[in-house]
Amino acid sequence: MNVYLLQVVNGVGVGMLYFLLAVGLSIIFGLLRFVNFAHGAFYLLGAYFCYQAVAWGLNFWLALLLVPLVVALLAWLAERTLLRRVYDRPHEFHILITVGVALVLQEVVILIWGPLGDNVATPAALQGVVMWGGFIYPKYRLFVIAFTAVFALLLWWLLEGTRLGSAVRAGSESAEMVSLLGINVFRVFGLVFALGAGTAALAGALAAPIRGVDPFMGLEALGVAFVIVVVGGMGSFSGALVGGLLIGIVQSVMSTLWPEGARLMIYVAMAAVLLLRPHGLLGRG
Amino acid sequence: MATLAAAAPASLSLRSALAQSAGETIQFGCPVPMSGAFAANGKYADLGMKLAIEQYGKALGKPLAYTLLDTEAKPATAVRKLQELVQQKNARYFAGGILSSEALAMAKEAQKNNALFITTAGADEITGADCNKSTFRWSVPTFGAIERTVRPLIEQMPKAKRWYTITPQYVFGDGLLNAAKNIFKEKGIEHVGNSYHSLAEKEFSGYLTNAMAAKPDVLLLLNFGSQSSDALRQAVSFGMKQNTTILMAWASGLEQFESLGADLCEGVYFGAQYWHGIDSPGNKDLVQRTQQTFKFNPNYSLAGSYICTKIFIDAIIKAGSDDPAKVIPVLEGMKFTGLTGDEEIRPEDHQVLKNYYLLKGKAKSAMKDKDDYADILSFGKSFLPVAQTGCKL
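Protein sequence lines, in the order shown, are assigned to chains A and B.
The first sequence runs 174 to 458 under the working numbering.
The second sequence runs 70 to 462 under the working numbering.
No lab work stands behind these hints, which were simulated from the structure alone.
Zero decoy hints are in this set.
Simulated crosslink set (DSS-like; lysine-lysine; CA at most 30 Å straight-line): (1) B:Lys437 x B:Lys450; (2) B:Lys431 x B:Lys284; (3) B:Lys450 x B:Lys119; (4) B:Lys450 x B:Lys429; (5) B:Lys177 x B:Lys127; (6) B:Lys271 x A:Lys312; (7) A:Lys312 x B:Lys310; (8) B:Lys387 x B:Lys181; (9) B:Lys431 x A:Lys312; (10) B:Lys143 x B:Lys202; (11) B:Lys429 x A:Lys312; (12) B:Lys112 x B:Lys131; (13) B:Lys158 x B:Lys131; (14) B:Lys439 x B:Lys450; (15) A:Lys312 x B:Lys433; (16) B:Lys387 x B:Lys119; (17) A:Lys312 x B:Lys284; (18) B:Lys364 x B:Lys112.
To be clear about the criterion: a stretch of chain A counts as covered by chain B if any three or more of its residues have a C-beta under 8 Å from a C-beta of chain B, and this derived list gives those stretches: (19) 181–192; (20) 292–300; (21) 309–321; (22) 380–386; (23) 420–428; (24) 431–442.
Selected chain A positions facing chain B (Cβ under 7 Å, derived; list incomplete): (25) Val176; (26) Pro288; (27) Leu289; (28) Phe389.
It should be emphasised that the depicted structure is a prediction, and the values quoted were computed from it without experimental measurement.
In this text, a Cβ means the ideal position worked out from N, Cα and C, and glycines have one as well.
Produce the complete structure using the sequences and hints provided.
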């Protein structure tokens, strides 16, 4: 099979994880107008909690369910006690406080698990590869694509088809108006923040068997997440999906065309989008 | 502030007065990354120097002491901290520099400050084009790492004719790649492709897709540290272990095996500067000392820092002086019981001539203890002749 076709398929695999990584950041910004530099740290926690769960002999599937919930709860607590206090301040305050939270979490991870990275075994059922003609692809990565696709649909339904979703979307237009209608906007804010952090943790847990865990994976993930959010459009769900897939495919295809520039091309793609559409591909003006 | 400023020159002159007296401490510096992605290496390097300094305690009747310097893996920070330690404590002996970039910068700075520097970093230039009178290197540079891994593997598997390489694009990676290409040419090996990647890369699936499309017999990983771990982990998940032999030419030793786990490493070949299982008097001594003090086996970062510090201390004792100008001639050509057997410092380029090892990861069930991840298949000394290193001291 054509190597470029393989790279596109692989790019979709990479891109779906990127989507999951970025979507929470995007939703949080969309509703709260809050720049969350701690997003990478929630991804980091997700990966390490998954590692710990598997090390304790817990079922990977159970971990996949529990880890995002635990991280979401932690994020919800952080939002209630800390972040809520700076919502009405300028963005610099958001950045300052979330970078602080991110650094604290990273150092806590080093304190508990040490500075060395570690491996997370792929669940037994998904070990091995799928072969189809010249096409070879790890089963686990196929699972990640399918799982993320289903999750994306659920998330979309949650945001578009439920009462909570309407409150979220209305809140992102005008928080004051929504609270005048008798909806507790702060409660919605807290839930959305927890949801965003939970998706980051889910991305971390899913990525752990692919790339292992190390204490610095959060920072690196944060960079990619911001690129995707900027490409797709701040605050846009479908933007995160399109941005994630685009960046994944660009990176993957470029590793055949111009390998040494594959990483660079992510940022070139972002710059190009910014020049042509300053609000991102699907962002609102 | 005024009193502080006034006190500073006085204490400086006091220090230089102390420098003349016999009771003065011989100061060492351990400039290694203690924060950032290479902090783990720095942590073990610190323990290695501590072990050596405490083992001797004194040299020439003067107490030995060292200061840990966090280079943050940045050349500029490394240089600044080295300068500061020279000025503040009159330190003249530095053993450290995990990354080639920081090591190259510190090598230059050490020479300017009349200090000696010894490193385990990999770039050929350290004892090549950028060599200098004050700089020494314990680890085997890229040429030997390839000679002692690629060549024996080709001989062991004469039917494996198609090799694919994955290379980080900077001096270190290119050094390994060029050495490998020369052997491919000589042995009639078909180099079916190479993927360069940036130093920031974490996602290797694209390069592996490329590699698999080329249907290689051997996948040769030329990257280092966490990048080589990521590349290996992902290659295994793509099922490459089934029909491809994987060789990681520059593994970082025990700490890498620990983070990858035995299942991933089984059947994979690794090149290594050091392994705690080496059968040599020098290594047995180190393993025993490390076990006694820290209750674990030495890894490469610890061992490298230990032996580098020990080399300096031994030379100071032999020279009967801690004046770097008198220690350099002793170091040049010095033969000693190293960790890999008998080692010596080549006078023309200040490169330590030592063994490099080819390891093979073994199955979890075959491991005799928790650190017994690999068997040593072969080892030996391979170095470019001085004339070809580009070094002129």
